[in-house]
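Engineer: Chain by chain, the residues:
Number of protein chains: 2
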Amino acid sequence: MSEMKHPYLMFLGDVGDQLGAKTAQGIVDWRPEWCLGQLRLDGCQADLGIKDISIDDAVAAGVKTMVIGIVNSGGFLPEHWIDKITEALDAGMDIASGLHIRLADVDAIRDAATRNGRSLFDVRHPTQDIPTGKGTDRPGKRLLAVGTDCSVGKMYTTLALEKEMRARGMKVDFCATGQTGIFIAGNGISIDAVVADFISGAVEMLTPANDPDHWDIVEGQGSLFHPSFAGVSLGLLHGARADALVLCHEPTRTHMRGVPEYPLPDLKECMDLNLATARLTNKEARFVGISVNTSGLSTEKGDAYLAELEQKFDLPCVDAYRTGVASIVDKLS
Amino acid sequence: MSEMKHPYLMFLGDVGDQLGAKTAQGIVDWRPEWCLGQLRLDGCQADLGIKDISIDDAVAAGVKTMVIGIVNSGGFLPEHWIDKITEALDAGMDIASGLHIRLADVDAIRDAATRNGRSLFDVRHPTQDIPTGKGTDRPGKRLLAVGTDCSVGKMYTTLALEKEMRARGMKVDFCATGQTGIFIAGNGISIDAVVADFISGAVEMLTPANDPDHWDIVEGQGSLFHPSFAGVSLGLLHGARADALVLCHEPTRTHMRGVPEYPLPDLKECMDLNLATARLTNKEARFVGISVNTSGLSTEKGDAYLAELEQKFDLPCVDAYRTGVASIVDKLS
Numbered sequence: 084m085s086e087m088k089h090p091y092l093m094f095l096g097d098v099g100d101q102l103g104a105k106t107a108q109g110i111v112d113w114r115p116e117w118c119l120g121q122l123r124l125d126g127c128q129a130d131l132g133i134k135d136i137s138i139d140d141a142v143a144a145g146v147k148t149m150v151i152g153i154v155n156s157g158g159f160l161p162e163h164w165i166d167k168i169t170e171a172l173d174a175g176m177d178i179a180s181g182l183h184i185r186l187a188d189v190d191a192i193r194d195a196a197t198r199n200g201r202s203l204f205d206v207r208h209p210t211q212d213i214p215t216g217k218g219t220d221r222p223g224k225r226l227l228a229v230g231t232d233c234s235v236g237k238m239y240t241t242l243a244l245e246k247e248m249r250a251r252g253m254k255v256d257f258c259a260t261g262q263t264g265i266f267i268a269g270n271g272i273s274i275d276a277v278v279a280d281f282i283s284g285a286v287e288m289l290t291p292a293n294d295p296d297h298w299d300i301v302e303g304q305g306s307l308f309h310p311s312f313a314g315v316s317l318g319l320l321h322g323a324r325a326d327a328l329v330l331c332h333e334p335t336r337t338h339m340r341g342v343p344e345y346p347l348p349d350l351k352e353c354m355d356l357n358l359a360t361a362r363l364t365n366k367e368a369r370f371v372g373i374s375v376n377t378s379g380l381s382t383e384k385g386d387a388y389l390a391e392l393e394q395k396f397d398l399p400c401v402d403a404y405r406t407g408v409a410s411i412v413d414k415l416s
Numbered sequence: 084m085s086e087m088k089h090p091y092l093m094f095l096g097d098v099g100d101q102l103g104a105k106t107a108q109g110i111v112d113w114r115p116e117w118c119l120g121q122l123r124l125d126g127c128q129a130d131l132g133i134k135d136i137s138i139d140d141a142v143a144a145g146v147k148t149m150v151i152g153i154v155n156s157g158g159f160l161p162e163h164w165i166d167k168i169t170e171a172l173d174a175g176m177d178i179a180s181g182l183h184i185r186l187a188d189v190d191a192i193r194d195a196a197t198r199n200g201r202s203l204f205d206v207r208h209p210t211q212d213i214p215t216g217k218g219t220d221r222p223g224k225r226l227l228a229v230g231t232d233c234s235v236g237k238m239y240t241t242l243a244l245e246k247e248m249r250a251r252g253m254k255v256d257f258c259a260t261g262q263t264g265i266f267i268a269g270n271g272i273s274i275d276a277v278v279a280d281f282i283s284g285a286v287e288m289l290t291p292a293n294d295p296d297h298w299d300i301v302e303g304q305g306s307l308f309h310p311s312f313a314g315v316s317l318g319l320l321h322g323a324r325a326d327a328l329v330l331c332h333e334p335t336r337t338h339m340r341g342v343p344e345y346p347l348p349d350l351k352e353c354m355d356l357n358l359a360t361a362r363l364t365n366k367e368a369r370f371v372g373i374s375v376n377t378s379g380l381s382t383e384k385g386d387a388y389l390a391e392l393e394q395k396f397d398l399p400c401v402d403a404y405r406t407g408v409a410s411i412v413d414k415l416s
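These protein sequence lines map, in sequence, to chains A and B.
Its first residue numbered 84, the first sequence is counted upward by one per residue in the numbering used here.
Its first residue numbered 84, the second sequence is counted upward by one per residue in the numbering used here.
Excised from the complex, chain A in its bound form (with noise of 0.2 Å):
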């Protein structure tokens, strides 16, 4: 995917709750100044707390891409969203959207896409030639995410890592493998959408040969202890041929995202299994801390518990929201 040209005007639509926005949201938090407002039509129940413009305005401050950062029901596209897609495209502006369905595929999109000379981008939908994978070396090193579970925390831990080394005058990219981090990166590709074959050979195009002292952060996906998506993790995992690894975790998870009969894998078993199979492509691989989404416990049993795996595998231990993530960029030279 070429890369997105922010900034942006967030479209919401009429989403029903905050939580269909959550993806605008992770945006607006990670980059508020790419926001310049947000679209909303008659009836949204969402607000990203940023000033409300209207198409026009949007393109007066230089507003280059419309994100459709939101989940309908259904997966279609409501009429009257049609209406103001055509009309930003109109306004000379391009369309990045999360929905299921393709922009491309709906006539009056295409067509106003092709009149104006604008781009579509499909996140949800890579588009690019992608090689098999070749488990090859190459230049440059590589930080992944894994973790316990779906959704506990490997994107907000991988944005925070690429910050803080980016403040610290490191050498870093942050490489999306989702939806949202696309958004916030501007390109990715979304690597549970990849055709089964080349969920490997996708790492390695997004992240390719650079300069030795360079990181490439890459966002994580899945849990290799997850009955529906393992096989996407370890694609990613031998895409990635991770230098350095970071387990994400959710304590107070009670079971496995969507399975409710599988419990979360003990700590130490996830990361010995992700050890032995990251050592497939890269015989360095290790790990280099522990990012534990605490806000589900107090401040003291979290820190608590923070201060006991820190004791256990003697590796710095955060919570990438609370404490920032400074101890594991330590560990990264």
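One or more of the hints may lead you astray.
Have a look at the derived ranges for each label pair, beta carbon to beta carbon [to be verified]:
#1 Gly99(B) <-> Ala292(A): 52 to 60 Å
#2 Thr335(B) <-> Arg221(A): 29 to 37 Å
#3 Lys366(A) <-> Thr335(B): 19 to 27 Å
#4 Asp349(B) <-> Ala250(A): 40 to 48 Å
#5 Asp139(A) <-> Arg185(B): 55 to 63 Å
#6 Lys366(A) <-> Asp194(B): 49 to 57 Å
If you are wondering where the hints come from, they were derived from the structure by calculation, not from laboratory data.
Glycine included, C-beta positions come from ideal geometry on N, C-alpha and C.
Using the hints, position chain B against chain A.
Structural biologist: Relative to the frame of chain A, chain B by itself:
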């Protein structure tokens, strides 16, 4: 995918060598009674060893589907093949293809199928709505072939197991996960072509609940130790929820297929990782045999190799082609 109807007419076009007809040959080897003839164009360099018949002869003989089980260079469809395909559709046959290109993407073919009310099967392109895997228990038993590498006899072994079990009157089905297997079974899902998020879900769909004494014999793909395709293999392993595993191996292979830097895994190591990961979804998973393609060894060396493995692992060790798989089936009850 709905079921392809047999008998088949095997269309070879003007494929340039015998290897290009490998898929077609596999179908003839395993389902000779379904393959009523071959249709070759001028310049065809392959021969399936069955009689050459015309489209009219095929229809008269009761053929229901013309199968394009060949690889053409470049992946495109030559104009003079298109004419033969529309001719077959006009004569009342369905078309099944293993080409990369989708039949329905060729206007003349789509139009001919529509006007004749015929079906087009693209075995490389799964069309079903596949749910994500759930990892839930279901009645019926399942056996999965896993490998030290790609192309080490997983399809051959599982087809031989199905044949032997059927001959003994056991309740059994072969579950195809690759294109040749799909033509042989008449249905199946090309697992490596499924979108990554749905690998295990596709396998669950392929091996649904069944009688407690029924065996689904699942064709494996790739290897957990192949840096290009391990994600597919892991999703397959989790989705199959296999009770029984058979390890497939080719002892003269000097490196993993397509990646010269990667040596083959040690057999013990390969079995250990397969067992450890299989047990996420089925705690009872166990190996019931090893199937070795000994065609690269002398009979004497092959026999010695099998005897050595049998002693080392205390499991039936066979060459599915040369010794048959009876000793493995003895372990399945």
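Engineer: Tell me the hint numbers this structure goes against, listed in increasing order.
Structural biologist: 1 and 5
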